[in-house]
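Top line first, the protein sequences correspond to chains A and B.
Position one of the first sequence corresponds to residue 1 (the UniProt record's numbering), numbered consecutively onward.
Position one of the second sequence corresponds to residue 1 (the UniProt record's numbering), numbered consecutively onward.
In case anyone wonders, no lab produced these hints; they're calculated from the structure.
The reader is advised that the hints may include incorrect statements.
A pair counts as met if it fits within one copy or between any two copies, since identical chains are not told apart.
The list that follows gives simulated cross-link-like pairs (lysine to any residue, SDA-like), each with its CA atoms no further than 25 Å apart [what the hints assert, rightly or not]:
no.: 1; residue 1: K96; residue 2: G184
no.: 2; residue 1: K183; residue 2: R283
no.: 3; residue 1: K183; residue 2: R98
no.: 4; residue 1: K7; residue 2: M151
no.: 5; residue 1: K183; residue 2: T238
no.: 6; residue 1: K96; residue 2: R280
no.: 7; residue 1: K326; residue 2: T154
no.: 8; residue 1: K96; residue 2: P178
no.: 9; residue 1: K7; residue 2: N40
no.: 10; residue 1: K326; residue 2: P160
no.: 11; residue 1: K7; residue 2: E125
no.: 12; residue 1: K326; residue 2: A97
no.: 13; residue 1: K183; residue 2: G299
no.: 14; residue 1: K7; residue 2: A70
Chain by chain, the residues:
Number of protein chains: 2
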Amino acid sequence: MKLASLKEGRDGSLVVVSRDLQLACRADGIAATLQAALDNWDECERGLNAMYQRLNRGECAHAFAFDTAACAAPLPRAYQWADGSAYVSHIELVRKARGADMPPGFWTDPLMYQGMSDGFLGPCEPIELADEAWGIDFEGEIAVITGDVPMGTTEASALPHVRLLMLVNDVSLRNLVPAELAKGFGFFQSKPATSCSPVAVTPDELGQHWQNARLHLPLRVFLNNQLFGHPNAGVDMTFGFDRLIAHACLSRHLSAGTVIGSGTVSNRDESTGSCCIAERRTRELLNTGEASTPFMQFGDSVRMEMLDEQGRSIFGAIDQQLVRYKAAQLSR
Amino acid sequence: MKLASLKEGRDGSLVVVSRDLQLACRADGIAATLQAALDNWDECERGLNAMYQRLNRGECAHAFAFDTAACAAPLPRAYQWADGSAYVSHIELVRKARGADMPPGFWTDPLMYQGMSDGFLGPCEPIELADEAWGIDFEGEIAVITGDVPMGTTEASALPHVRLLMLVNDVSLRNLVPAELAKGFGFFQSKPATSCSPVAVTPDELGQHWQNARLHLPLRVFLNNQLFGHPNAGVDMTFGFDRLIAHACLSRHLSAGTVIGSGTVSNRDESTGSCCIAERRTRELLNTGEASTPFMQFGDSVRMEMLDEQGRSIFGAIDQQLVRYKAAQLSR
Chain A
1 MKLASLKEGR
11 DGSLVVVSRD
21 LQLACRADGI
31 AATLQAALDN
41 WDECERGLNA
51 MYQRLNRGEC
61 AHAFAFDTAA
71 CAAPLPRAYQ
81 WADGSAYVSH
91 IELVRKARGA
101 DMPPGFWTDP
111 LMYQGMSDGF
121 LGPCEPIELA
131 DEAWGIDFEG
141 EIAVITGDVP
151 MGTTEASALP
161 HVRLLMLVND
171 VSLRNLVPAE
181 LAKGFGFFQS
191 KPATSCSPVA
201 VTPDELGQHW
211 QNARLHLPLR
221 VFLNNQLFGH
231 PNAGVDMTFG
241 FDRLIAHACL
251 SRHLSAGTVI
261 GSGTVSNRDE
271 STGSCCIAER
281 RTRELLNTGE
291 ASTPFMQFGD
301 SVRMEMLDEQ
311 GRSIFGAIDQ
321 QLVRYKAAQL
331 SR
Chain B
1 MKLASLKEGR
11 DGSLVVVSRD
21 LQLACRADGI
31 AATLQAALDN
41 WDECERGLNA
51 MYQRLNRGEC
61 AHAFAFDTAA
71 CAAPLPRAYQ
81 WADGSAYVSH
91 IELVRKARGA
101 DMPPGFWTDP
111 LMYQGMSDGF
121 LGPCEPIELA
131 DEAWGIDFEG
141 EIAVITGDVP
151 MGTTEASALP
161 HVRLLMLVND
171 VSLRNLVPAE
181 LAKGFGFFQS
191 KPATSCSPVA
201 VTPDELGQHW
211 QNARLHLPLR
221 VFLNNQLFGH
231 PNAGVDMTFG
241 FDRLIAHACL
251 SRHLSAGTVI
261 GSGTVSNRDE
271 STGSCCIAER
281 RTRELLNTGE
291 ASTPFMQFGD
301 SVRMEMLDEQ
311 GRSIFGAIDQ
321 QLVRYKAAQL
331 SR
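Construct the entire structure; sequences and hints are all you get.
Structure below.
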């Protein structure tokens with residue numbers, strides 16, 4: 001099934017969305033919010049699924065037109081956002097460009113950082129940031145939303161804990177990264193709010209494309225309406241979501257609603273383009289000696305979408321504009 | 001006023017606690033949970049405060065004995081936990097012990113990492129971890145809980161956003177830290193669940209001890225009932241909470257219920273002891289050439305408390321035992 005949250009209140013209002021993304025129906029009789037549904041998944045899943053089936057058959061009396069612009073993130077605020085960097089050939093490429101060795105452990109031990117989860121942006125909300133000089137970049141990723149995952153869950157038993165999948169735009173401030181990472185404590189200021197696709201879908205929606213804990217379809221990313229990349233998310237993903245979950249829960253329980261990201265989707269095949277500007281700049285540098293594509297400028301737009309084999313949008317599109325954060329907003 | 005959450009449901013049940021920590025009263029007529037109160041602080045504060053005044057005067061009809069063992073963390077799950085490292089002389093000491101230079105920027109630019117916030121432990125809950133060899137350590141800290149903080153809020157305007165203060169035990173797995181930090185993405189597996197004091201208090205409870213965005217009282221830490229350290233949290237704190245909040249919100253809004261930590265409380269004066277084992281080991285190494293105090297072992301207990309000038313506990317005590325996380329729990 002497909003679920004979304006309307007922009008109402010801090011946690012949104014849960015709606016079930018039809019497979020073709022045309023219709024929606026409020027789920028408040030089952031769960032008021034997606035977090036509430038995740039907190040009580042075993043009780044809510046059947047009712048939500050029954051509503052989804054009725055909606056797809058056109059039998060939902062209270063259905064209304066689904067509008068992605070009215071969507072908050074599926075989880076407008078979440079309790080955890082753990083972002084991996086599972087396309088290791090991307091890391092290798094970036095390190096090569098700056099002449100850094102590739103520690104062999106990077107191929108066997110996942111990279112993961114703790115991200116900010118208290119405010120995910122909806123799919124059409126503007127990306128508001130104060131300074132272009134920060135080197136504003138998008139990163140197209142796949143993310144899973146888990147149920148409760150007990151500490152110590154192994155890779156072999158992790159996958160049944162995946163409740164939903166969605167797309168995310170993990171915005172990064174590239175020019176703040178080097179100084180921040182040099183301090184040793186990881187990303188903080190260099191990782192502002194992440195944005196999410198309009199709907200999150202259960203794994204069964206993906207059919208044979210969800211295999212081996214990977215989503216085997218191209219992620220299409222557009223910058224200012226020009227195709228920027230379309231790498232297949234199932235190709236060159238060194239660690240599957242099973243492994244990422246096991247990594248995340250080694251020394252902690254993961255509570256329901258934990259979001260775990262793949263890291264920027266990336267294929268070795270250059271012809272598939274890139275899901276972030278930094279990767280394209282890296283390839284430019286390696287191929288021509290100069291990184292010519294600039295980072296985002298105010299007014300730029302970024303769009304991310306994944307289509308099934310019939311060309312139908314699975315998650316709806318992330319479609320955002322970068323705008324300058326204004327000082328006046330500070331007085332609110 | 002003083003607020004706590006009883007262990008009921010995922011978010012606890014909000015109670016108001018008397019100043020002397022003897023009595024409590026359910027606040028469900030005002031806000032069911034502390035998160036709900038923080039989400040609507042302007043509407044809830046007056047009612048909670050009125051209940052607190054009645055409780056202190058012994059006029060609360062439904063008051064009951066306050067039991068810290070029944071407490072969850074004030075926020076059993078939160079949307080953000082941003083932990084600073086504001087006692088820079090502690091960092092300098094640790095770096096000196098391993099022969100590392102101290103970057104001058106550490107004195108002017110706060111260190112902060114994004115921590116896991118989806119499961120804070122209550123004050124008397126056991127610390128469950130699977131492996132002593134991870135180098136299990138406690139860290140005694142002060143933390144503030146904020147309301148909504150707009151992106152770009154400056155140090156000068158940050159302090160009114162502080163809603164509550166509490167103590168935290170930021171457990172660290174010292175032997176996992178070096179490899180994790182070497183990967184460059186910061187802490188993840190090396191930072192398991194953090195524990196909180198029974199009550200969180202509004203700044204006015206601290207009187208003249210809350211000054212200059214710092215809490216000027218000793219934090220008393222006991223390992224196996226032996227005093228381990230009692231440094232004054234207002235001494236040698238290089239960055240106040242105003243600066244830490246401004247650092248955290250440079251490129252993001254902070255949503256209500258964000259927890260911001262001071263980092264391990266530490267004084268240059270060695271006679272005040274330490275709030276973590278790592279610091280004591282560092283001093284042993286510098287003074288004697290050998291770090292002799294071991295990290296925690298299963299069965300060890302740690303206690304943290306802060307007393308006012310009359311010897312009365314302000315936040316109640318964190319009082320935890322370290323226990324081995326059992327494989328059987330994985331089947332739950």
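Structure-based check of all given hints:
For the homomeric pair K96 and G184, the shortest alpha-carbon distances inside one copy (21 Å) and between copies (16 Å) are both at most 25 Å. In the homo-oligomer, the alpha carbons of K183 and R283 lie at most 25 Å apart only across protomers (23 Å), although the nearest pairing inside one protomer, at 27 Å, exceeds that limit. Within a single copy, K183 and R98 get their C-alpha atoms as close as 19 Å, and across copies as close as 16 Å, so both meet the 25 Å cut-off. Taking identical chains as interchangeable, the C-alpha atoms of K7 and M151 lie at most 25 Å apart only when they sit on different chains, with a minimum of 20 Å there against 33 Å within one chain.
Taking identical chains as interchangeable, the C-alpha atoms of K183 and T238 lie at most 25 Å apart only when they sit on different chains, with a minimum of 16 Å there against 28 Å within one chain. In this homomeric assembly, K96 and R280 come within 25 Å of each other (Cα to Cα) only inside a single copy, at 13 Å, whereas the closest approach across copies is 41 Å. In this assembly of identical chains, K326 and T154 lie within 25 Å of each other by CA distance solely across copies; the values are 14 Å between and 46 Å within a copy. Both within a single protomer and between protomers do K96 and P178 lie at most 25 Å apart by alpha-carbon distance, with minima of 16 Å and 24 Å respectively.
In this assembly of identical chains, the alpha carbons of K7 and N40 lie at most 25 Å apart whether taken from the same copy (22 Å) or from different copies (18 Å). In the homo-oligomer, the alpha carbons of K326 and P160 lie at most 25 Å apart only across protomers (21 Å), although the nearest pairing inside one protomer, at 44 Å, exceeds that limit. Taking the closest pair of Cα atoms, K7 and E125 come within 25 Å of each other only inside a single copy of the chain (11 Å); across copies the shortest separation is 37 Å, beyond that limit. Taking CA atoms no more than 25 Å apart as the test, K326 paired with A97 passes in neither setting, with 35 Å inside one copy and 45 Å between copies.
For the identical chains of this complex, K183 and G299 are neighbours neither inside a copy (32 Å) nor across copies (35 Å), given an alpha-carbon limit of 25 Å. Taking the shortest alpha-carbon separations for K7 and A70, only the intra-copy value of 6 Å comes in at or below 25 Å, while the best inter-copy value is 36 Å.
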